[in-house]
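A.B. asks: In case you want the letters, here they are:
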Amino acid sequence: MTALAVLLLADSRLPNGGHAHSGGVETTVAAGFLSTVDDLELFLRGRLCTTAPVLAGFAAVACLLDDDADWRRWDRALSARIPSAALRTASRLQGGALLRTVAGMWPVPAGLRQLGRPHQPLVLGAATSAGGGSALDAAGLAVHHLLGGACSAAIRLLGLDPLAVAAVQAAVGGPGAEIARQAVLAAEIAVTSDDPSALAAVSAPLTELLAAEHAQQEVTLFAS
Amino acid sequence: MKALAGLDVERGRTRWRDCAPIALRPTGPGRMHLVQAAGGPLGGDELRLDVRVGPGADLAVRSAAATVAQPGPGPEPASWQLSATVAAGADLDWRPEPTVVCAGADYRSHLRVDLDSTAWLVLREQVLLGRVGEPGGRYRGRLTVTVGGELLMDTETVLDGADPALSGPAGSGGFRVFGSLLVAGRDLPAVAERADRTPTLISAVLPLDGPGYLILALGRTSALVSAGLAAEADRVTTAAGIAARG
Amino acid sequence: MHREETQTVLPAARPRGRALRIGIGGPVGGGKTALVAALCRALSTELSVVVVTNDIYTTEDADFLRRNGVLADERIRAVRTGCCPHTAIRDDITANLDEVEELERLHDPDLVLVESGGDNLTATFSYGLIDRQIFVVDVAGGDKVPRKGGPGVTRSDLLVINKIDLAELVGADLDVMRNDSAAQRGDRPTVLISLRAEHGVAPVLDWVRRSLTAHRA
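Protein chains in written order, with our numbering: chain A, 1 to 224; chain B, 1001 to 1246; chain C, 2001 to 2217.
These are computed hints drawn from the structure, not numbers from a lab. Please note that the accuracy of each hint is not assured.
To give a feel for the contact side, a few chain A residues facing chain B, derived at Cβ under 7 angstroms [said to hold, decoys possible]: (1) V37; (2) R47; (3) R76; (4) G104; (5) V108; (6) V202; (7) P205; (8) L206; (9) T207.
Source: prediction; values computed, not measured. Ideal placement from N, C-alpha and C gives every residue a C-beta, glycine not left out.
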């Protein structure tokens, strides 16, 4: 059942709130930084060296943590890594949405549920653990959703060729898997030493700036 | 080169310990200038400064010139660490000149500031990727701030003028100059998230999850970024003034 | 004005406390927003009403509702659907549930209206989100629409055929639409209305009031 549970969490058909978020693509398109499949590939590769290690690290941690861990502290540590309030809100909305769904599928730690809307990677990691998956599965899922959400939004917003986008997503999959492996190593150190500072903290300046711009637009199609 | 320098400020008294290439010079009441040997740091250098601002004391730190990070003889990065504690009712105003990261250089800074819940901090960083006409090297700047023992901010900015992914649409967007201004601690105004964008400058005010806000800017030139940070900071104070009067 | 018999044949409603949640869906331009506005105007003096809209919501829309004295701003929430309006009301209802529950918590309403973004004839609400759904089409879309069927036409709890005042202008035969609807929908009610006519919304209001009574029973 483990493999099936992981596939379920990877499936965008699972109600997880993700379809309404573009992972920064909408605002990056609007500001003129992304318009072609090549731009998208560069965007994804940029995400892999900035946001991906952070999300993957926290997902892996959440998979490794005991049910009675101090979930609030790890949630705060991720908040501290996201300067933009709009991006923190996007993460919490998706975390809340996924929690709503997975809480009906598997037992989820009470400490996580008490946060109301925890950050998405924590819910993803806890759900992976509850479904029987590994920390590497959790980190991989975090990277997969980061890339997949951006690809799907780029197709919807720019009318990019979905076959070309699928090829790009596959091309960055290798580096993505490596990011996930490194994130698990960092997560193991963080959990063993009970110290979130071992986790990656990279934030990309353009992503933060454009997220703030997106939040003040009158009309947007995506929530973030 | 390895160096550990120290700076300890109490009300009415300032003590410091230079350690080459880090030197400190008092330039006014509660005001110090950082003076670094020209042409550094180089790859392999490990420079560290520990700062303590005692209860009720004020400290402003500036620098005499831009820091120019250059490649070293080996693959090791040049590393710069600041570790500061700011006690009850104390202020730390840390605004050195920009850091220029030359082509081929690998520069890492980690600034850690622990604030008492009644302390106040303003901290500015500015990074230029490369001297004029070169793409610039790699910069990793981690900024960790706690207030009253609670983590407020822990982010690492990674820039690389020679890496298309890091200088692209999910990195620095082709801009050569990065700037940030963090304000944290006591008596902060309520801040709403906002952004401004022109073809040569993007800036934003970002309220953190706790007592602090971060102003970020990416721009074509150092002058634009400095002005952008200052303009956003002014808007925050003006808006707070209007709110206070209204 | 034509009035259609609106006998109530409703699926077993899931108990949700006091508020009745009604979804309003249908293709672009059929009159969903106008129907929401008309319902709010007629009901907001007797009931506590809140609205979640999935339509692309501009400050103009907000102004429209405000000017018409329909609802206070804080009773209206907009959900962004990421270019997938049907996903937000059917496959992944989490964002809508968040807003509905938040409005229920803040205002303790009798009635929650969830307006979908304009989509096609296959887009319907999940009953995990709403208790009843209204599907709005208009005669200007052609009198073949009811015959085409699709879950919106066949399975909605109330089918509203709007803009009957335009029937002659666009060459639509209302009898054809009425008969095709009956054939597609069995016992489920259909009303043919013009929201521009005075009291044009009355048949829908009747249905909403009866649904509310059934929901509270």
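A.B. asks: None of the hints should be skipped; say for each whether it holds.
C.D. replies: Comparing the hints with the structure gives:
| no. | hint | result |
| --- | --- | --- |
| 1 | V37 | 13 angstroms, violated |
| 2 | R47 | 5 angstroms, holds |
| 3 | R76 | 6 angstroms, holds |
| 4 | G104 | 29 angstroms, violated |
| 5 | V108 | 23 angstroms, violated |
| 6 | V202 | 5 angstroms, holds |
| 7 | P205 | 5 angstroms, holds |
| 8 | L206 | 4 angstroms, holds |
| 9 | T207 | 6 angstroms, holds |
Violated hints for the displayed structure, listed by number in ascending order: 1, 4, 5.
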